[in-house]
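Protein chains: 2
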Amino acid sequence: MTAHPSAPVEPQGVDTAAGHAPSASFEPLSPLGFLDRARDSFADRTAVVDGDRSFTYAELYDRVARLGGAITRIADGRPVAVIAPNSHVLLEAHFGVPWARVPLVAINTRLSAFEVANLVKHSESSVLIYDPSFAEIAAEVAKELPEVQLISSEDEYEALLASADPIPRPIVDELDVLSINYTSGTTGRPKGVMYHHRGAFLQAVGMMAHLGIGPDSGYLWTLPMFHCNGWTFPWAIVAAGGTQICLRKVDPSLIWEHLRSGAVTHMCGAPTVMSMIAFAREAEPMAHPVKLATGGAPPSPAILRDMDRLGFNVIHVYGLTEVYGPAVLCVWQSKWDDLPGDQRAKFKARQGVSNVVGTTARIVDLDGNDLPRDGESVGEILLRGNNVMLGYLRDPEATAQAFAGGWFHTGDLGVMHPDGYIELRDRSKDVIISGGENITSVEVEQVIADHPAVLEVAVVAMPHEKWGEVPAAFVTLKDGQDATESEIVDFVKSRLARYKAPGRVVFGHLPKTSTGKIQKFVLREEMWKGRERRIQ
Amino acid sequence: MTAHPSAPVEPQGVDTAAGHAPSASFEPLSPLGFLDRARDSFADRTAVVDGDRSFTYAELYDRVARLGGAITRIADGRPVAVIAPNSHVLLEAHFGVPWARVPLVAINTRLSAFEVANLVKHSESSVLIYDPSFAEIAAEVAKELPEVQLISSEDEYEALLASADPIPRPIVDELDVLSINYTSGTTGRPKGVMYHHRGAFLQAVGMMAHLGIGPDSGYLWTLPMFHCNGWTFPWAIVAAGGTQICLRKVDPSLIWEHLRSGAVTHMCGAPTVMSMIAFAREAEPMAHPVKLATGGAPPSPAILRDMDRLGFNVIHVYGLTEVYGPAVLCVWQSKWDDLPGDQRAKFKARQGVSNVVGTTARIVDLDGNDLPRDGESVGEILLRGNNVMLGYLRDPEATAQAFAGGWFHTGDLGVMHPDGYIELRDRSKDVIISGGENITSVEVEQVIADHPAVLEVAVVAMPHEKWGEVPAAFVTLKDGQDATESEIVDFVKSRLARYKAPGRVVFGHLPKTSTGKIQKFVLREEMWKGRERRIQ
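Chains D and V, in that order, give the protein sequences. If you read the first sequence in our numbering, its first letter stands for residue 1, the second for the next number, and so on. If you read the second sequence in our numbering, its first letter stands for residue 1, the second for the next number, and so on.
Please keep in mind that the hints were generated in silico from the structure rather than gathered at the bench. Be careful, since some hints might not be right.
Copies of the same chain look alike in the list, so a pair counts if it works inside one copy or between any two.
Unchecked claim - Capping the alpha-carbon separation at 20 angstroms, the derived lysine to aspartate or glutamate pairs in DMTMM-like fashion look like this:
#1 Lys291 <-> Asp216
#2 Lys249 <-> Asp216
#3 Lys346 <-> Glu376
#4 Lys335 <-> Asp44
One chain only, chain D, in its complex shape:
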């Protein structure tokens, strides 16, 4: 730290020259501190409910301190991977793994065994904690990576905690790596997004502030907790002293059971989750309003109307794995309350403004110049702030590319309205968001290209009623070879998570530029014609 040239006042009694050593007036920002505070202030309150089990904050603290002790002993200073549904185990890992000063790798539960092994390997994780429902995948990982220690989250995990010595919260550097979150692209070059303690602390407090989370809040886990560390909600709810209700699967009947109980005040989920809720047999207007943050695709006027009728206050958020989830949100202004429903929905479908800890969003042209705030000029969305990742794990090239010019390049295209609210118009050519999960076209293309009958292939997003988007594959077969649509689809399913399989396979020649580059925009155009936006 340096004093600026005109600094008129040198702080007394604080050794600023020594940097940021903890002192009475400097504590490294870390979401782990939230648990210390919750244990001190809300010891007897329910921290987590997971089926028949529930833990108070005192109990959660004890389990985390033990997990920290155990991980310190067994992890050899390397990351710890977890594959588990939304559960107390995955929640405990969000605190207990970094408690041992090693990063958490929360793995997408929809990936194939091949993909999981690839991520465990790439992250150099020494331990894989797995829910028994993933025993087969764990066995495959064990075959591939015999040096990785496997721990079943049932009996082995409980035995580990019981035998461990609890340790106090570690003093970290606030820029230490807290977790590694993989975006898609797992069959190609996996991109491990590194979160730091400072960013997660700030994003969590930001979520608490924007969504009004307090000690009486009940958060229902409909968003996958592995997804951007559950948008930092595992930490945000503990910051507020609220209760997290784990939901192992997105089951509309179960969701409505919890909603009817009155224990839920907040939840998050992709628009597909809203559809499931709104169209469920059990759907009926609730006695108390529930705030629901949705992202991944703009909510439609129809679903907003339905959710409104049921008593949901829908908050539209926007972000990517690289920015801890909701870096931008459609901060609602009461002057829009009295607009007719369709116009209200138009405002709500905007991605919005950067959250209070994020500070800055821009929309720029290809040369990096800011575009006019006219709601018409389309450019790339750039973000900057403390809730931007440290970089991609062991991939300085991809990191440098993402951070070109000192801004994080989202790859998403949008406009800025005159009032400063951003609206997405198109997405990075490579990303398909299906039911809230990212798929990159390249990972699907690489698998299809492996099929013996395939000469070349291009994958783009196509709109889908239920999932928002699904991949569409355009395939040219080798001369004299044959393959059907369902053969291609099954081939993808044998290698990748099922949700990555194309919703449609079109055979024929691919449109190319004069230099031989496939013109993907022509293929996208075909799939999206007649629509205003190229995202759903």
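Guided by the hints, dock chain V onto chain D, whose structure is given.
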């Protein structure tokens, strides 16, 4: 910054070795950034209302950028002092002065000319911006300190802005001094509490989170803005994009006018402000609830009942100048809702738990050992965290004493209940809190001791119906000398702010220890007998 020994992962693409240079993923925390965001996101919304004037966020930004330009030109890199009622000028100074990378010194408007000059001198301020209502005081300062540039906040200030070149928000180090806030003790050794950008940013976001402040919030300025920088609300409301309504004096009729208008959602003030509101002729239940944060003394069951009936949601907070105001707050838990009124009031009278950005509070005995959480063991309250001051300006000795053992010593005595909530029982012997303002007994003692008839004097707090506490003076006269109670009171008023004058003067011998030390606790005992707590 240093990597910890077991660091398994070196961040890629982020030059952590270079420290904390701004980058796509690191921005120095500063409340000034809130104004950039508000200008970008809420340009047309009303930022501030001050009588007949009001400014949008675009306008506020422009005025601040100009003020920053002007201060850069004239302040010679030294602090800028402001003496003004709650007003757009003082609000602008909270952004515009640090915008020029110099600290703001917001001066207590109730001080005497002598005290004001003393603080301007001690802070080495180069400029004093004064509201015309303080013209006399400014003239006195000019006499005493001819080198200080005086700027009247009416015409001279507006001319300064009009002629200034606006400058962009500066890049600061987050531990740079943002402001200097003087606690009392001004006739002795003034204590200039140094706030930094990081602490103010965090405290402001914490206030936003705990009080649920959003873009539709209207904040009524009943707390003095000079008091701990208005508990960081000048920044917190901008962070949320809300509207600040300035109130130049705490006038119950004016307050009720604003409350009736429906524009107010939040306010802060000492319990005396609540009494004024509740007992005003205009008091009547409101259509919309208003959140009111109160501190300085625990609210009584009676006032809580009255405020509840009127529609106020009272949040009890606790803090000191040294911790940016409310470092601790009585986070309300719904399980207390159904208790009988008096028991509810007992819970609400607790000071509570540290706020979400503060992390840790302790109660310790004289040897610094933590006391049991039994609601009975009385010890000193210690605080630690990012919302603790950097230290006292140019007073390493007082700073070292306040930070003994790496914790900030509040000097306040309290108990911790089994649930982790703190309750104050007694206050530092030297501090009297009267109508929310601090008075130290020593400053009153020094003045009284100057009176020609006085041999020795001791000042302690005594309870007072309206102001909570007022000073009580115990005086021994010199042999053969005479003085009346009103002579002593008038003598104090001629030297100090009027509210520092004793409410009672008792003549006689002072109780002493065998070594001759005045036994203040005996005097306090006399004033407080029959009461459960020694604060009010």
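Quiz item: Going back to the hint list, which numbers does this structure go against?
Solution: Number 2 - this is the single hint that the structure violates.
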